[in-house]
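Visitor: Which chain is which? The protein sequence lines are A and B, in order.
In terms of numbering that gives the first Met the number 0, the first sequence has 320 at position 321, counting the first letter as 1, and numbering is strictly consecutive.
In terms of numbering that gives the first Met the number 0, the second sequence has 86 at position 87, counting the first letter as 1, and numbering is strictly consecutive.
Simulated from the structure, these hints should not be mistaken for lab results.
Each residue gets a CB set at the ideal place from its N, CA and C atoms; glycine is no exception.
Careful: at least some of the hints might be erroneous.
Quick list of simulated restraints, FRET-style, between CB atoms [said to hold, decoys possible]:
| # | chain 1 | residue 1 | chain 2 | residue 2 | range |
| --- | --- | --- | --- | --- | --- |
| 1 | A | 111 | B | 178 | 51 to 61 Å |
| 2 | B | 111 | A | 211 | 33 to 43 Å |
| 3 | B | 254 | A | 62 | 49 to 59 Å |
There are 2 protein chains.
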Amino acid sequence: MTPTSPILITMGDPVGIGPEIVAQAFRDGAADGCVVVGDAAVMARAAAVIGWAAPVQPMSSLHDALPQAALPVWQPRALPEGLATLPWGQVQAAAGRAAADSVSTAARAVMGGEGSALVTAPLNKAALAAGGVDFPGHTEMLQTLAGGVPVRMMLANEELRVVLVTIHQSLRSAIDAVTFDAVLQTLRIAHASGHGRRIAVAGLNPHAGEGGLFGDEEQRIIGPAIAAARDEGIDAHGPFAPDTVFMRARRGEFELVVAMTHDHGLIPVKYLGVEQGVNVTLGLPFVRTSPDHGTAFDIAGQGVADASSLKAAIRWARRAIAIPR
Amino acid sequence: MTPTSPILITMGDPVGIGPEIVAQAFRDGAADGCVVVGDAAVMARAAAVIGWAAPVQPMSSLHDALPQAALPVWQPRALPEGLATLPWGQVQAAAGRAAADSVSTAARAVMGGEGSALVTAPLNKAALAAGGVDFPGHTEMLQTLAGGVPVRMMLANEELRVVLVTIHQSLRSAIDAVTFDAVLQTLRIAHASGHGRRIAVAGLNPHAGEGGLFGDEEQRIIGPAIAAARDEGIDAHGPFAPDTVFMRARRGEFELVVAMTHDHGLIPVKYLGVEQGVNVTLGLPFVRTSPDHGTAFDIAGQGVADASSLKAAIRWARRAIAIPR
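If we strip away everything but chain A, and leave its shape as in the complex, we get (with noise of 0.2 Å):
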């Protein structure tokens, strides 16, 4: 990538919120220097329903100098016509289709060094499966693109950054896939993702399992992982008591959190409000981040959906991209 190159940003799931919160972005100049890959009439009936009458300027190239007070849509050849037709807010093969055609067209590009990063409007899960896609999301469609590089979700907001052992599976589960590998692997990946160094480890049980008492997985797995990573020349610290190490963090001690489990690392970052929170993929050959929330089919189209939370992720791709690698 050049440095000039745009931030990407794809529109998500036509008839979901994604649209209309890429256009407030673009609207309130939270976008500036970014590019829309996605449909052309599907963003300008975005930006209609945000009441914002600034033209959408469809890109021929992401090479093309961009506009001023506009929407820049880059489309990827394989939308169909009519995506702007659909009805918001209802799973559509075609809506899905689309989606998935605009993040792997996205990411695609910025790969090939077209465009600095991803960051990506929600998708559908149902609608992906509708339109015959098998990813049940992004992070496992752009792995696969990838080439099947091992990631790992950052979740962040401006006081808190946890990076997730486990994310989605049963409780029960997410504890037999608590291993050695996956926590030194966890924070191998969060260590090169330059977003901090100095490294705070939850443990997965009660007070980190109260020297046995509690369960053992520290002893026998979370400690030992540190250890090797401190090896690697990884600041990496703890088993610390899951209840108390987010507030740690918060107060500065720890630039980062990894957290055994999605919970854990969830419900602190979610604490003060979703608005803010940020996903950010780690472990990928190029920046992606997206918003922490879903396609919100049942306000879609009304021109209420917030989009602070895709405005931070902007922001938090902006500063990706700084960081010297």
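Following the hints, position chain B against chain A.
Guide: What follows is chain B alone, placed relative to chain A:
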């Protein structure tokens, strides 16, 4: 009890931070109308530690008139001589024994109507064991003194009140302990406590199981227990995704949250700081609160301990006494 009975505050382990934070609460006017249950000489040493010259006033009976600008101490007969000469911050059998005797004396007085509530300063688990006390902590001791009633821990601050289904056990065993009966019992105890009517129940799994995709405890256990509670007239809702339910309660959507595990519940309560966190034991036939920290042997006797959580525990006890039953 009579409305004018004093709140009884136990001194805690005599060589931990308990006595000095209790002295601080009296000095700062946060314990007006309360009586310390413990050793008078220990409390005199604690007052000296915080540089407070007010005299310790031993009370021969809880029916005595309360002194002004003094530290009223009601001393259990069982306490030995010399407690105030024990070295600070060490596990000592005599200290553990005296702390436990103060708790049982105070609890019996409250159950006998001579006190309106019990506020307990921290015990040390190892000192209790060294002193031949067969309980790991307050909760189990009080539960036994009250005849073995089922109890639950509520952790609360000014923003959030969380009642826990499981507490001090491994996460793996906690999952097994999330039964229909345990959840329903928790809802009954939470409801009867009067600390809030509208109750949210957090799920166990990510996204509360995502319809069974990430675990089925919500469908098999938690959902049916909520339904049974609602049939009993309890205003219970859920199960909700653990990562957003606490944020929703913080914003006022619910008055109480029932959490399945120690850390799902305690992470959000402690996230903004442990100083204001209070532990309230629900289910006992009397009001009992305590600060949400331990004996802090490493700083005991230096006059630097923070009494905020104890002061909050006293405030919560006053509030709980006022709840109509």
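Visitor: Look at each hint and say if it fits the structure.
Guide: Results of checking the hints against the structure:
1. A:111 to B:178: 51 to 61 Å: Between residue 111 of chain A and residue 178 of chain B, where Cβ atoms are some 55 Å apart, the hint holds.
2. B:111 to A:211: 33 to 43 Å: Taking Cβ atoms as reference, residue 111 of chain B and residue 211 of chain A lie about 40 Å apart, which means the hint holds.
3. B:254 to A:62: 49 to 59 Å: 57 Å, holds
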